[in-house]
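Peer 1: Chain residues, written in single-letter form:
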Amino acid sequence: MSLLGFFQWCERSGIGDTIRRSSWLFPLIEAIHLLGLGVIGGAVLVVDLRLLGLGLRRQPTAQLARDAQPWMIGSLLLMGITGGLLFLSEAIKCYYHEAFWFKMASLFLAIVFTFTVQRKVILTGETRLRPVWNKVVALVSILLWSGVGIGGRWIGFS
Amino acid sequence: MQIRLLAALCCLVLALCYQATARTAAPTWGNAGRQIHVLSTVSLQTGAGQGIGGSLFAFFSRLGDSSWSVGLHESRYAYDLIESVHVWTLCLFFGLAVMFDLRLLGWTMRSVPVSEVARRLLPWTVVGFVVMVISGTLLFTAIPVRSYQNIFFRTKMFMLLLAGLNVWIFHSGIYRRVGTWDVASVPPRAARVAGALSLVLWVCIVLSGRMIAYNWFDCDRQPQRPIINFLTSCAPTQSEEH
Chain W
1 MSLLGFFQWC
11 ERSGIGDTIR
21 RSSWLFPLIE
31 AIHLLGLGVI
41 GGAVLVVDLR
51 LLGLGLRRQP
61 TAQLARDAQP
71 WMIGSLLLMG
81 ITGGLLFLSE
91 AIKCYYHEAF
101 WFKMASLFLA
111 IVFTFTVQRK
121 VILTGETRLR
131 PVWNKVVALV
141 SILLWSGVGI
151 GGRWIGFS
Chain E
1 MQIRLLAALC
11 CLVLALCYQA
21 TARTAAPTWG
31 NAGRQIHVLS
41 TVSLQTGAGQ
51 GIGGSLFAFF
61 SRLGDSSWSV
71 GLHESRYAYD
81 LIESVHVWTL
91 CLFFGLAVMF
101 DLRLLGWTMR
111 SVPVSEVARR
121 LLPWTVVGFV
131 VMVISGTLLF
141 TAIPVRSYQN
151 IFFRTKMFML
161 LLAGLNVWIF
171 HSGIYRRVGT
181 WDVASVPPRA
191 ARVAGALSLV
201 LWVCIVLSGR
211 MIAYNWFDCD
221 RQPQRPIINF
231 LTSCAPTQSE
241 EH
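Chains as they are written, first to last, in this note's numbering: chain W, 1 to 158; chain E, 1 to 242.
Please note that the accuracy of each hint is not assured.
Stretch-level coverage of chain W by chain E, calculated; a stretch enters the list once three of its residues show a Cβ under 8 Å from a Cβ in chain E [what the hints assert, rightly or not]:
1. 33–45
2. 110–116
3. 146–158
Rather than coming from a laboratory, the hints here were simulated on the basis of the structure.
Every value quoted in this text rests on a predicted model; they were computed, and no experiment measured them.
Note that beta-carbon positions come from the ideal geometry of N, C-alpha and C, so glycine has one too.
Take these sequences, add in the hints, and give me the full structure.
Peer 2: Have a look at this one:
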């Protein structure tokens, strides 16, 4: 099956059809999706601001990252589920929309970056790493997650 | 500083809510001024709002005709860009406010003193809030009359007022004694209640904010239930009622 074929199959699915036919399901799912985005934003920013030396400076970064992690993963799951539902209802539109591909690329990079490079830097600790690397990692993280959020918003603009 | 800012916002929202009780006509072509005021004394004095100023509806009608509003509305990218800023800043403001509320509930960062979270994170929420208000005002300016009569917009403004009130009560109440519970992994009941209330209110504000985009209850979509027309200050013409 080609990629477009897969997208067409998604569009034809029963779930996608149900969401398309309801006047309030899409808005509701989308609003929950937006809440998830906000919570991810908070969990990411608590850690990134700390890495930038701007937030909770007195706390060890590794501890903050551990505290924020369940909220980040939780809302990531919520966003995955709600985002998947939204996608099913308008898969073909997404296929032809640059913002969708931009968002998916950002999302992939953001998740990989957060759970590999960023995690490594946080666990290495401040003393064994030049402080500038903490800042670079934080900025890249903010940039990638912003790409996800803003890319997502632009899927809605035609 | 935060308190003063929030107090100013509360006043603004209160004024909006007060004015929102004025019933106004459905915006039809060339008939933007017909309105029946219930509570707005200012408008009564200026004669049913037909004069200069008088009511928010007249003000927003004129705002909608301004080059600013038309420019924002008709520009290819301005509206989309401002909305992107609004959504990005939502992460900064709402996200960090949620993290603070979760700390108040004892659900995250339990080992970090509450006052430290407040001192380090709340200034960022203030920055976020200012950007939210500016970008939100611009979004409103792009389609003022429609937004003003939108039931979700009104709900959002009302809940903003409640959220501001909650912040004020928290900071002038239990937070004054934060020294006695600063390091508690689970703060006292009053602080938890403030955190939970804030969480619920901001979630509802985000939800209703997102729903402003939908026109289910808009004034130009008649017939609506009387309660909806009351809440949106919409007075449909006779022909629209059927």
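Peer 1: Look at each hint and say if it fits the structure.
Peer 2: Cross-check of the supplied hints:
no. : hint    : result
1   : 33–45   : holds (count 11)
2   : 110–116 : violated (count 0)
3   : 146–158 : holds (count 6)
Hint 2 from the list above is the single one not met by this structure.
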